[in-house]
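Visitor: Residues per chain, in single letters:
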Amino acid sequence: MTSPRDLAGLLEEWEPVIGLEVHVQLATASKIFSPSAIAFGAEPNSLTDPLVMGMPGTLPVFNRAVLALALKLGVATSSQIRARSRFARKHYFYPDLPKGYQISQFDEPLCENGHLDVIIGGDLKRIKLSRIHLEEDAGKTTHVGASSHVDLNRAGVPLVEVVTAPEIGSSAEAGEFLRSLHRLVRWLDISEADMEKGQLRCDANVSVRLRGEDRLGTRTELKNINSFRFVENAIDSEIARQIRLIEAGGRVTRETRLWDAERGQSQPMRSKEEANDYRYFPDPDLPPLVVDGPIMGEILKHLPELPSARFDRYQRIHGVSSDDARTLVGDRALADYYDAAVAAHPGEGGRMIANWVLTELLGALNASDTPIAKAPMRPHTLAALVVLVENGTISGKIGKEVFEESYRTGEAPAAIVERRGLQQISDPAALWEVIDRVVGANPKQAEAYTVGGKDGLFGFFVGGVMKETKGRANPVITSDLLHKRLGR
Amino acid sequence: MTTQFWSVADTARRIAAGEITAAQIVDAMIARIRAVDDVIGAYLAVDEDGARAAAEEVDRQRAANAPLGPLAGVPIALKDVLVTRGLATTAASRILEGWIPPYDAHVVERLRAAGAIVLGKVNCDEFAMGSSTENSAYQPTRNPWDLSRVPGGSSGGSSAAVAAGLCAASLGTDTGGSIRQPAAFCGVVGLKPTYGRVSRWGVVAFASSLDQVGPLTRSVADAALMLQAIAGFDPRDSTSLDAAVPSYADAMTGDVRGLRVGLPQEYFEAMDDEIRAALRRTVAALVERGAELVDLSLPHTAHALPAYYLVAPAEASSNLARFDGVRYGLRVEAPDLLDMYARTRGAGFGPEVKRRIMIGSYALRSGYYDAYYKKAQQVRTLIKRDFDHAFQYCDVVLTPTTPTPAFAFGAKSTPMDMYLADVFTLSCNLAGLPGISVPCGLTGEGLPIGVQLLARPLDEVTLLRVGGVIEAAVGLGDRRPPGIGGAA
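Residue numbers (the numbering used here), protein chains in the order written: chain A, 650 to 1137; chain B, 1189 to 1676.
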């Protein structure tokens, strides 16, 4: 695109306002209103029953398993939970909507006024959620030549729709929000949230206004953002389109646009004028959804510490860097591993354990493509190894060797150190003896260092001592004694 | 042996005693349907093979001394809005023509389990919308008492079949009087249970918050037996009531001493003189047997009709959205999707159904919901409160079932005239109460007159008890419709 100014230039004058609507599939075994099973990739229309097919006389029965999952998200986002929410029918005609209406929630949603703390840079930014509601998914229509095929396997799959306030200020923030939400639902174990399987889908409402302006501009709804890679691109492209349109004297029309990832641009799908009147009304087949104290008690009792809280704790209590903290909370199994290792450490080994987990452990796991949950080294073993390094029993370098062996064989680090005699040599007399021997054997280099001022040779002697001691020499004491022996 | 007017209890007892086989009963019924139903037009489909097979099964069980169900061998007819596995179910609409359901309605399962034999499916107004069965897309049904008159509706096939001895009993559905009004027109007993007493699973929905299945029978005792078979909690219907089911046969004590009978003034303002006289005789008979009269007012009665004609069409417009030509029933092919919908629904629905879809869609339009549907629901609450209040002073409310006896075909020339035929029966559905219509005499022209009784929620027992006393005192006795081989 040839333009006098790139997006960064445009954004000096213009402020984007973004709101996201994210659909998350809840991981239940059966559908939200029928006993039909849920699976990805099954034979088309094999996961249906008379209700899913929208046959006359069928009635929805709410799957209680859905409620617990949705409530976890509601609580984790500090949402207000309605004691009585309602299902409503949302009407439109489409072949993959079997009843001619979708059972959703309208003016009485399950959750309202929550927020999600999103890690942006080293900080947490709070993004408000206007609502989280329950609904059933529609089926899937594929067009093959002149005919269309409808697969109802997905019809009736439980979804939560998470709607943010229109307060997201950039595509980068939107992307981070989506990643944070993705992490949270997996963290809470309520969804697999695999975007490629459509288990997490994002629509974005985008508008722009001049900086300093209070009123919101006309928004467009961007649909079909179904990959993390596209979020920023899709939103940036829409922001730029709107600004250029306005600057050229045009007006943004309220419309729904479909993002085409391959062409990297959006196309109008339907305008507001053509849009449906959904004729919402409370579904008379379903009583109000009641959330009472005992249900909430159960949810609260089993709610794990959230990623944002751990991100904060790792930095504040354990002194972990914000980058490392972010990596640790990127995956609940990893964070749980880390916490277990820290708990097994008798002192405060948080920072050092983070290093070992993120470098040695993740390195070894990645090399063999092993998930953290199947790590052959248990957290307490890693903690024990860190203790050996911290108390000087072995050096860090030997520690890596011991890690490698323990990871491979499962033998306890202390046993490996004992069996192989890997204890660090910290006794100055013993080290002096070795140093004396190494220096004595290399008189030319000693002179070049001491007299000739070749500083680089210091490492040569350290290496010699390490070689003599098979790496067991305490590096700090060795360095100290070497300086004395070489005279500078 | 003329079996056609045997009671439900009698039929079951004689089969159990070996006086007659179920196969003989079914053969006699089929022969009678062949002889008489050309004139009446009650049946849309007679399942001769299915009925014979079911009869043989009953006879086999009896021969094997296996325990027989309480309705073993009793031949019944089902209103064609009740879904039957393997047996076409049309709701008397073209749009469902050719649909063979893969499942049985809950009530059908229950009747089959009790040993009842399904003879076939009987006519009704299309999707149960109407008061004369003239809205059937397939055929008119004639009133056995006067072939120039309608049998009432929407369960007119049921009432006519029961009155003409074309089955021992029938199930109908009642959304605004569709069991009680045709029962009154045809001189039979029609019971609408409390909303939630009988599962709606497998009932082609008209208005979900009003629909209820109930029996049409030739006696109050038969109604009790049929209700016993179909009442009770069903987890597949979320509006089903999880309440104990009493013994309805035990309800018929014949004793009304001390019973407080409420007479709401609003229901005695406009009606035919002959109906007024019959009601007076009925009330006098109750007083003679020890009942007390209570003059009542149900002040919101006048609002029942408008409230009903918002709630019912609104829900119907939603419930009928599923008939889109995509998955089952009629499809009129067209080059594009929207056209296919329009042509299918245009050809598949009759004028009254279209009218109600239009009214309902209008009432649910965005911005109109509060003024119409919500307001109507508030009126329902007021009507329900009227009854709650009334039942502090009486045990049963007594009213005429209809303002006139059965009218001639084509007599109700405008929709409004037709709607007014239900003016006494609507409140019962809006309030979710149980109601019954019991014959209480004939007009000078020999047309049946019905008295309606309404009771507290789940108090069907009182309806049956009082209905039994009325039946004994002022009922039709052995009088049968003349001229159709009915005069025994």
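Calculated from the structure, these hints are not laboratory results. Even for Gly, the Cβ is constructed at its ideal location relative to N, Cα and C. A couple of the hints might just be wrong.
[Stated by the list, open to error] Derived, one-sided and incomplete: chain A residues facing chain B with beta-carbon distance under 8 Å:
(1) V710
(2) G749
(3) V799
Visitor: Hints first: check each against the structure and report whether it holds.
Guide: Checked hints:
1. V710: 5 Å, holds
2. G749: OK, holds: G749 of chain A within 8 Å of chain B, min 3 Å.
3. V799: This interface hint holds because 7 Å falls under the 8 Å limit.
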